[in-house]
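Each chain, letter by letter, is given below.
2 protein chains.
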Amino acid sequence: MNTIDPSLIPFFAPQGVAIVGASHDPTKLGYGLSRNLVQSGYHGAIHFVNIRGGRLLGHPVYTHLAEVPDPVDLAVLLIPAPSVPQILEECALRDIRAVIIAAGGFRETNAQGAALEAQCTQIAQAHGIRLIGPNCIGLLDTHLPIDTTFLSPPGPTPGDVAFISHSGAICAAVIDWARGQGFGLSRLVSLGNQADVNETDVLAPVAADPHTRVLTLYLEGVSDGRRFVEQARQVARIKPVIALKVGRFASGQRAVASHTGALAGQENAFNAAFRRAGVIRVDTSEELFDWARALAWCPLPYGRRVAILTNSGGPGVTAADALEAQGLALASLTEETKAALREFLDPSASLHNPVDMLAGASPQQYANSLRLLLADPGVDSAMVILPPPPMHTAGGIAKAIIPVIFTADKPVVIALMGERLIQEAVEYFRAARIPDYRFPERAAAALAVLVQRAESLQRTANHEPAAVNPESIDPGAVRSVLAQHPSQELQKSGGFLHPDAATQILRAYGLPLPYTPLAENAEQAVRYANELGYPVVLKVASPDIPHKSDVDGVRLNLQDSQAVYQAFDQVTANARRAQPEARLLGAHLQRMLPEGQDVIIGTVQDRQFGALLMFGSGGVEVEGLKDVEFCLAPPTPEEVERLLEKTWAGRKLRGYRHIPPADLEAVRSALLQLAQLAVDFPELSEIEINPLRVFSQGACALDARIRVAI
Amino acid sequence: MNTIDPSLIPFFAPQGVAIVGASHDPTKLGYGLSRNLVQSGYHGAIHFVNIRGGRLLGHPVYTHLAEVPDPVDLAVLLIPAPSVPQILEECALRDIRAVIIAAGGFRETNAQGAALEAQCTQIAQAHGIRLIGPNCIGLLDTHLPIDTTFLSPPGPTPGDVAFISHSGAICAAVIDWARGQGFGLSRLVSLGNQADVNETDVLAPVAADPHTRVLTLYLEGVSDGRRFVEQARQVARIKPVIALKVGRFASGQRAVASHTGALAGQENAFNAAFRRAGVIRVDTSEELFDWARALAWCPLPYGRRVAILTNSGGPGVTAADALEAQGLALASLTEETKAALREFLDPSASLHNPVDMLAGASPQQYANSLRLLLADPGVDSAMVILPPPPMHTAGGIAKAIIPVIFTADKPVVIALMGERLIQEAVEYFRAARIPDYRFPERAAAALAVLVQRAESLQRTANHEPAAVNPESIDPGAVRSVLAQHPSQELQKSGGFLHPDAATQILRAYGLPLPYTPLAENAEQAVRYANELGYPVVLKVASPDIPHKSDVDGVRLNLQDSQAVYQAFDQVTANARRAQPEARLLGAHLQRMLPEGQDVIIGTVQDRQFGALLMFGSGGVEVEGLKDVEFCLAPPTPEEVERLLEKTWAGRKLRGYRHIPPADLEAVRSALLQLAQLAVDFPELSEIEINPLRVFSQGACALDARIRVAI
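Sequence order for the protein chains is A and B. In our numbering, each residue's number is its place in the first sequence (first place is 1) plus 1334. In our numbering, each residue's number is its place in the second sequence (first place is 1) plus 1334.
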């Protein structure tokens, strides 16, 4: 587990708290905050500060922070924004080094507010003060306990789910909703504008809480992508981390010029980062807590095989559908299990999975059947389906099966269908911390996330990037190529390097490129072609034409000198017609390569997470087919294999029907080398080899482009 | 609207009901059924029948059905299965022609039960009796009112959502859950084993109920696919129909031999059928009723532009994400709207959509802002986000905005976040029949389904299949080819027609095929090649080798007679080596065609819905790329366009980068002609043209296979 930054400790275990802006007026937030802190049962010292003085809720109100006695190591400010800088200075004088600025009126409002926020940050830095907020709800710990929020009561019940949020309003809804859903929270951290402390900073301190079994995150972004990945990865090894990332359709896409750039986008970057970190991503707020309950309360399964126990066929089928849609499998029961079930179930009961005990199933039948299913070696987890039973009560069945679930080391989730008739059962399950869901589909999703977590822990803990042979790369050569590149040239080309420079750079990192001399005129083209041997390929050369086939600037399979001569004239004429302003350097020649499988490999620098690596189906239809996958660069060996598994282009490399297998190892090498290049030179904003033609032995980059950040 | 089968009327508006198997024992279902009928407030005559006689719940109990006085036109049987045939005979004698067999013990148990069920069906048919069940919960109408179920009280509250279900257990859960969710049901029909009346039969009678505004279906399959589509389509024109189809991963896949067959599957068939019928398909039980409430209670929007009104940024972003994920758009507000909002909102409020009024937003601000948003001509619908407000009550805000929503002709859904603190608001919204959802994501999905419904109604009501020129097809020629085909030959080839026969059949339906003579030896191959003109293509000919490239049985671009001679020997040797048992007929020759775009078109006969038409990316990678779409055959013009829009293969036909546009009209014609062939000859179980090469003018089938059902 990560070590915790000592400067953050006062936020999570303060000796004494000063509330600046405490109020006697019950309609004011300053009163709510004071009330919550007192009512939370906080054991440390509570100090109220308000210029009017007096007493509040049994505590003295100091007129100035300087008067506050020891101990005090955390201040919560709920005062008009313009007064905050002054109070921060006073905090420093009073030796308070942890401050929650609950007040709003900063960066979230206007430029003036942003300037005020910057001023606060400067003061804090100057005095070594850590800040949470501004514009936040504050912090809450149900076990310590402490509550520095101003939310209307009741607060959350104590529990094992921690919630870290960029949004304050969500916190109020989550506390209220969690209470209604019958689960408690351990800690809640509202981060607000994150003038200082951000989502990454609080991961380790929150995870260190022994009462927290699951961390849930509501993220609008991350401040430092790679640091987040590293911290989250360490935390997620120990405790599950689930994230809802919002703002996914936010605009602000950069201008991109490569397929890789066009396809990457913020979402692929986040997905790649969360995968690397082992953070479980949810799509909806509801999933966040559906899954958190399962992860907090259930043992992890050893595999994907689920047994379904039901008293009716329809919901059993729905559950089976939902499980298969989630990638889980219906367990095959052993003959012993079936024989044992047969002894006490209705003769018409279905003993195949889903086990349908029929509508009359008694609490005892539910319990005995579940015990048998959980004992079956072919079963990894179970879903119990419980619509309002016609003959018995759902509560009676709940009471009967809870001891069975408690004594099993396999996860069990409940699809408890209905509302009024199941209330008693709902109460029993929640008290026993067994996750219940209203519908089989949501119960299936919860089982799936348990499997996902188990598999993620089972996978190798090796997150070291796959090794690139250091002798195969030559960063010095790249530096010298880049140094030679005049920046006005780059401005003109939209940042694209001259093809020769791109070739030199890729060669310096061991990427396989054909010999492609540049012919400045048709006669020279013929000379080179004669040298290379026929058939040859001829491509127009211009720094301003990234997609040469778009201007009909490529001629394949030229068989003789006459064809080469004509082709040179044609492609240069085509390019001139299509893009009259483009600078034409002539045409590149290369030996016509044998057939193979054409893939694309590329990198792009993501604003939040740095270099991303892409792999997929190459050619001109890349963006149409969208058969691509991404990972962070440099990739781990596992991530490389995932690129190859998740794309049709990758699966096809193993051979498909009459398509012969291709050199997977050559693709792996190329991916690693390209990724290393992007990592070593972040100024290379987009690198793309399309296609990389893969042969039965070896591979060759037929076309490549490199764009430099300008 | 469909006319209603008069024989079904007694189920939905009986004059008198006889319960056979009424019981005095409160632990028996026969008591529950009697109680529910009496307590339902049913206005017609209630008759109880039990051999023991006496009185029950204020009504006489007759010992025999024959004694029951008029009026009686519906019987509900809850007696041991073996007695049912005898009682059906008595129903006929008593002139009862509508019977609900609630009892179980039939087809759902074993072969004996199935035989008993068949006997019941025969008796019913002989006497003109219509049956619902056996093994069902029965019928319920909250407005008539009537309740012939034996479920534990309370029953559903009166409402506007009808529920038709193949599963009985789901009914109990749905009634209970609906009550908890605060919406009522109009009618509920549990169909059980469907010995007679099935899901299609009840669509029109249920839709005819004036209290029903939405039909929800829980389907495990359909009995007669095309009849279902036709009936559902007529109903869905008038009232929304939403279906949860379960059993999607059910096994029982047929052996298929074509790409089309492999990719079709039950799911694509259901999707195609639901699309044709205008039935809205849901993936989860929760969506079924989330969406039903929106469709029952909201006006339909005129477009996709949504305004979001919130008191906090985070949920606003979540909502915006969810809307965009659903394919909806954030409305752009007019300057007038923004100016008007600015007049009374906090100066820091965000006036761009989402409109964030900030945490202090009052009920009046909510109401006034919503009124302005709904009046904006750029807004088609609105989502109001309401987490527990810090300064006001959610209930107060609900009271303020309900009148605004009532007087608007645009749909408004509420994301009411939390649980306890929002209960009052929940009650207000439910009483006002305004759909509320706990999270913005579910509210967004509800708005999306309203848009889907509106667009489906806006689309042309023309569901006539696209026209095929009758002169371009020659069914007689196909019949004569099929008549010539010896069935033992088909047995040997797994049903595949000889390539020549396939060619003749496709030509008879106007499909464009190249001239492809069959050469039995290398010398003959050379002769044909000389006739055709070089370059040519040579393909091994065998009825046993459906995918010729799999055995390396194809040679392209042969330039002269020597190449043809060698190619013949190679491909036949390759085929012999790969499949020694295959019958080799020689090789087909054809002129090498120019380049073009290769697509696949195919048909397959689905067990439930008949002929399905497929279109997508052709070639050998069809099943790898999975770039295909399906529709029912014959397709409507709209369905043809959808095939072309939803596939990359189709979009690419319009041209993409340097890929020139291809002859879309030729593809449309080929699709229609192939579909017509599959419809006219259902015995052609799979037809596949792969690839159909599409040129800038015209198209040509490069390879085709036809399989006959054997």
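Since the hints were derived computationally from the structure, they do not count as laboratory data. Each hint should be verified, as a subset may be incorrect.
Treat identical chains as interchangeable: a pair holds within one or across any two.
[As the list claims (entries may be wrong)] The calculated DSSO-like cross-link candidates involving lysine-lysine, where the alpha carbons are at most 27 Å apart (straight line), are: (1) Lys1672 with Lys1733; (2) Lys1362 with Lys1733; (3) Lys1960 with Lys1980.
Structure-based check of each hint:
| no. | hint | result |
| --- | --- | --- |
| 1 | Lys1672 with Lys1733 | within (24 Å within a copy, 57 Å between copies) |
| 2 | Lys1362 with Lys1733 | between (46 Å within a copy, 24 Å between copies) |
| 3 | Lys1960 with Lys1980 | both (12 Å within a copy, 14 Å between copies) |
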